[in-house]
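Residue numbers (numbering that gives the first Met the number 0), protein chains in the order written: chain A, 0 to 246; chain B, 0 to 246; chain C, 0 to 246; chain D, 0 to 246; chain E, 0 to 246; chain F, 0 to 246.
Calculated from the structure, these hints are not laboratory results.
Fair warning: this is a prediction, and the values are worked out from it, not measured in the lab.
All the pointers check out, no bait thrown in.
SDA-like, lysine to any residue: derived pairs with alpha carbons at most 25 Å apart:
| hint | chain 1 | residue 1 | chain 2 | residue 2 |
| --- | --- | --- | --- | --- |
| 1 | F | K221 | A | R172 |
| 2 | B | K58 | B | S12 |
| 3 | E | K58 | E | E38 |
| 4 | D | K218 | E | S191 |
| 5 | A | K58 | A | R1 |
| 6 | C | K221 | B | A137 |
| 7 | F | K221 | E | R128 |
| 8 | B | K231 | A | L116 |
| 9 | C | K218 | C | P230 |
| 10 | E | K58 | E | G243 |
| 11 | B | K218 | C | A192 |
| 12 | C | K221 | C | A89 |
| 13 | E | K231 | E | E64 |
| 14 | C | K231 | D | A18 |
| 15 | B | K218 | C | P27 |
What follows is a list of derived Cβ distance ranges for each label pair:
| hint | chain 1 | residue 1 | chain 2 | residue 2 | range |
| --- | --- | --- | --- | --- | --- |
| 16 | B | A158 | F | G165 | 26 to 32 Å |
| 17 | D | A162 | F | G165 | 26 to 32 Å |
| 18 | B | R166 | C | R193 | 47 to 53 Å |
| 19 | D | R166 | F | G165 | 20 to 26 Å |
| 20 | B | R23 | C | A66 | 26 to 32 Å |
| 21 | C | R189 | E | R23 | 55 to 61 Å |
| 22 | E | P239 | F | G243 | 26 to 32 Å |
| 23 | F | A192 | B | G153 | 38 to 44 Å |
| 24 | B | G243 | A | G153 | 32 to 38 Å |
| 25 | A | A232 | B | G243 | 27 to 33 Å |
| 26 | D | R166 | F | G28 | 52 to 58 Å |
| 27 | E | R23 | D | A245 | 32 to 38 Å |
| 28 | B | D170 | E | A162 | 52 to 58 Å |
| 29 | E | S154 | D | S12 | 57 to 63 Å |
Yeah, the Cβ is synthetic: ideal placement off N, Cα and C, and Gly gets one too.
There are 6 protein chains.
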Amino acid sequence: MRIHVVNPNTTASMTAGIAAAARRAAGPGVTILAGNPDEGPASIEGYFDEALCVPGLLKEIAAAERAGIDAHVIACFDDTGLDAARALAAAPVVGIGEAAYHVASLVAGRFSVVTTLARSIPALEHNLRRTGLAERCARVRAAEIPVLALEAPGSEAEARIAAEIGRAIADDRAEAIVLGCAGMADLAGRLSARFGVPVIEGVGAAVRLAEALIGLGLKTSKVGGWAPPLPKAWSGPFAPLADGAAK
Amino acid sequence: MRIHVVNPNTTASMTAGIAAAARRAAGPGVTILAGNPDEGPASIEGYFDEALCVPGLLKEIAAAERAGIDAHVIACFDDTGLDAARALAAAPVVGIGEAAYHVASLVAGRFSVVTTLARSIPALEHNLRRTGLAERCARVRAAEIPVLALEAPGSEAEARIAAEIGRAIADDRAEAIVLGCAGMADLAGRLSARFGVPVIEGVGAAVRLAEALIGLGLKTSKVGGWAPPLPKAWSGPFAPLADGAAK
Amino acid sequence: MRIHVVNPNTTASMTAGIAAAARRAAGPGVTILAGNPDEGPASIEGYFDEALCVPGLLKEIAAAERAGIDAHVIACFDDTGLDAARALAAAPVVGIGEAAYHVASLVAGRFSVVTTLARSIPALEHNLRRTGLAERCARVRAAEIPVLALEAPGSEAEARIAAEIGRAIADDRAEAIVLGCAGMADLAGRLSARFGVPVIEGVGAAVRLAEALIGLGLKTSKVGGWAPPLPKAWSGPFAPLADGAAK
Amino acid sequence: MRIHVVNPNTTASMTAGIAAAARRAAGPGVTILAGNPDEGPASIEGYFDEALCVPGLLKEIAAAERAGIDAHVIACFDDTGLDAARALAAAPVVGIGEAAYHVASLVAGRFSVVTTLARSIPALEHNLRRTGLAERCARVRAAEIPVLALEAPGSEAEARIAAEIGRAIADDRAEAIVLGCAGMADLAGRLSARFGVPVIEGVGAAVRLAEALIGLGLKTSKVGGWAPPLPKAWSGPFAPLADGAAK
Amino acid sequence: MRIHVVNPNTTASMTAGIAAAARRAAGPGVTILAGNPDEGPASIEGYFDEALCVPGLLKEIAAAERAGIDAHVIACFDDTGLDAARALAAAPVVGIGEAAYHVASLVAGRFSVVTTLARSIPALEHNLRRTGLAERCARVRAAEIPVLALEAPGSEAEARIAAEIGRAIADDRAEAIVLGCAGMADLAGRLSARFGVPVIEGVGAAVRLAEALIGLGLKTSKVGGWAPPLPKAWSGPFAPLADGAAK
Amino acid sequence: MRIHVVNPNTTASMTAGIAAAARRAAGPGVTILAGNPDEGPASIEGYFDEALCVPGLLKEIAAAERAGIDAHVIACFDDTGLDAARALAAAPVVGIGEAAYHVASLVAGRFSVVTTLARSIPALEHNLRRTGLAERCARVRAAEIPVLALEAPGSEAEARIAAEIGRAIADDRAEAIVLGCAGMADLAGRLSARFGVPVIEGVGAAVRLAEALIGLGLKTSKVGGWAPPLPKAWSGPFAPLADGAAK
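Please construct the entire structure, taking both the sequences and the accompanying hints into account.
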């Protein structure tokens, strides 16, 4: 199985960390191909960044489709561009946000999310509602850490995340914790051991769910909202992408 | 008052129709400035088109902000790019989809939507749920007309839309009808007279709600999901847009 | 445009304040006709007062209809009598509660309401649910001020309201505030400046939404729950009102 | 136990039928005191009638309170005036609509309602949502029979109601039927026998639930929305009622 | 009327307490037959205990059916085995949890539940959602008292329950309290007097609702999920029970 | 990895079919251990059968735990006994119903379920609501086939299921189909090819999700509703099971 993991921001060091997390989580016989666009924002913190990383993300998806791939993982916790990617790709696509919510629902009746910045909470709440799993989520919390600070040695990121986890267990009646950023992937094991509840990070969850879909021979339904793009006139730089996608 | 109405697709004849509808609906003393991006899809029919019209749309929003404007209207019924535009703009932004739902809720307990293609139904249903007005909507129906066919003389578009309206009143217990495409704006009056129920089109609704916000001195809250973009490194063609937006 | 603003309680000084707020908010060319019943409670604080102000309110609506009017605004935040008024009137009717919720939803993802007394919270929560906008409301808070104390010079009303606004921003993640009483209309501007978030008061919001409906040529749907009263036998003082209304 | 059953319309023959149904359903040792206002509409068909029957209804409630009573039943399926009556009365108050929904939920996973006119459907749907039992209701159906036609010998009322019940069982997956008008009370037994599912009428259900509350020593909570009216200035005919009620 | 009250755990002293509470609450002419299985757990604290008390519970239900009974009450607040019992029994079946929620909804707009252990909260929340009354419930609280400690003289159970009630009124805006364990039945009167709000215990509520169903001649609908068991092959000790039940 | 698949009914031929489906779906290096209780019903069709298969099911779970296992799959589409099994087991437990809903949500915006008998629809609807994925499900349909008829050669089972799938795509706007019975597992591939939409069967979905949990090192949270059984007195045949489980 070949799984394409795309980090929609342009920070290569973060892509490397995501790729490592994906490989750690992947089952036997799975090849992880990780990449990121070369155009767009260095991190995704709010709706503006989200919207403008999508063209680069879709180009990566299209390139991986042409190269032959069994599934795509979008490694931004906001599940940025997921609908468009599903419309574009023949292979199934899994977002790390939705993956984490689905997996958490299998091991906990109720979970809380700990993400980076409060400005991302509304987007995550909308995704939870769309996925249908909002009722399983007690609360989305922000540790108030910029995304790229997660990579900084000596930052207090882990301490802040741990503090929110403590509050989630005490105040939200959370039975599990979802880490709400691709950059938090390598904290999951340590935090789970510390707090004694499942701590789910989305990169691994998405890779494993992508494997499940591949193994079951399932692809995105092309009836409904994820139908392939219709052929039509396009102007500007996205025309080739659109031409390749239309059916 | 100066209201910027942006058609996010590249079809200038459709922009002209939207501008005319906006001017018909506008109150005294309102100047409508209408435009469309010069890059992107000729029509918006599904998530892929939606995602890739957003960069062009945001450039139009940014240009209008610089030129001085009191409010923006996004004239695509999917409310494409609305969150990113609200994060970017200082002036308030109204989507024609949400505008139609809010206005319909003031004159009908329950309404149905008649849109173009079935592939757009899921996106509209998600927007209804986000707006909070999904409970007021009996059903989203598709007349199965391509967007640009709405402009074609001699098409059967109006007949098909009328047929769906008839079904909505008979089967959905709809008390009003929302027309689910910017290209349907000039049908509203005729169809309302024919069926004896309010028929709401979004362009006029959005212009009038934008006037209301301007009149009340209200702008988008910058606390939460619509906070301005954070300054950060950007690569590629969106960097200038991002630099102008970041605060 | 002629807009009828009816204060459903009998306190003429409050009606004068509401009329002033309506005129401040109204667009060019709008005439505000404000009034109140001469029978009923001096303020509306709970379900009992609400129910018994409705006959007087409906008489005012009927009189304004006969005098020729383009829209009605019901200036009690509980949206008292709104359904019956819509059934009675040919012109559109807007409640200040629903108006504030709709307008807040256009500038904030999430808002809190600050009303007068805790006994009114359940009625406001029901209205939010009926409108469909309950999901957009983080919390309804009470400042524990009697309605008529809002008019008393030197009262601590504004300080108490401000305290609740502070809590709403800090604890509810509110991005905007809705002031939950017609008597609070002139506080909105000052409180918005102080807290840096939109503060919406319903009288202005309703006047501007009424203008929007008039401008769009929209009236209440007469199919469904707001159909005109059926002709039937009536006893007692409401018989003339009913006879005038039945169709 | 003394239970006051108030028919909020002025049709004495309908009050007699309701009283008979109440007495048939009542347990041993229960005295039914039935009455109706002498001012108001002859039947309640929509929001306008609903609003204007409330003053007469509240006078009846107040009179019964003074006479000494253990509980009140409001015998209109729209649960007209229920909130105001609960604020006014010391004794518990049960509406026949909510009573029927609660009882149906104890014998069926899912029920449909068959009411008189389609114009009443929205009000019943709102009540179902307020009660919390909307999810248990598959559909509210209208047999399109005016309320007073239920009393007319030789009307086709029962046939039309039966036709809707047949559709509810076949199409709605209804496991029980709620009859949505006080005037349908004596049809329940016959229709239940005919269709082989529980058919619940609200007058009996409400009397039995009122007995349950009395037996358990429970009264309306006076904390929250049903707190007693506050003392204040009143003008006009309701002043004595308000004075008696305020605490 | 003969009402069978079954305590699904094996603690006879608790059954005696439940029987006493049932008799206190029952109306004139009602005979209470109380019992418990002789196989199963001594108390029900979580899903495992719940699942394994059901066979014994169903045997008790079947035996009471054969002996002739008018209704069954399941006296565990988790409403353990309620669906299976309804499928098995011809007589109506009422759970004490659902009974308490329905009754509380008639005297309070909003209630909180105080149960024994936090591990039971998820089950109660699921039941509230199934019943449809979750929206009426502000919060389910646990006093952290083991079930059988409720019987221990000198325990601090009542003090802990009272502390949670105080918090529910202050923090949840609860207008009434539901006691969430059959073993708390005799505290209701004292706590209601102390806190000045209705305090509902489920045993009495269920007995009175069972009387209501009997009085109205209503039985469980046999169309849908509560249809009688189908005849089929059974192995092991439940075969006779299944044979007796199948239709 | 060793995955225990338990068919909660006693029909060994059905267990064999389930085991075969599980092995077909399993990834490399996965050993499937399939079994069924020797006591209980031959098929599970409704709440009564569901309740009485649970003791046998839990004994199988406990035995597999003692034998050493990495995860359990409960192969009844009603997810019978799932909560009790999660409380009992240290290894994670996945129900085939929930597994199918989660997997369908990754490849379709909206799905319909086709199950065996209408009497099972309410239980599936409750599970959908508990899982949180009810909003993703358009409708639960019954093909009206007894469970064991699925195994009968020459039955019209597949034709009836196909007919419901056709209706689901045409009438429910279903983008994927979930087959609602463990006995339908081998129909999925053929029906998916025929209808051109993903058809998900739960046994394979659950095995693949169980692999995902094992691969991620995740186990059921023991904080909350799935905490281990408390030690207590037990009478009768379940005492040893309870003693082994309590912690």
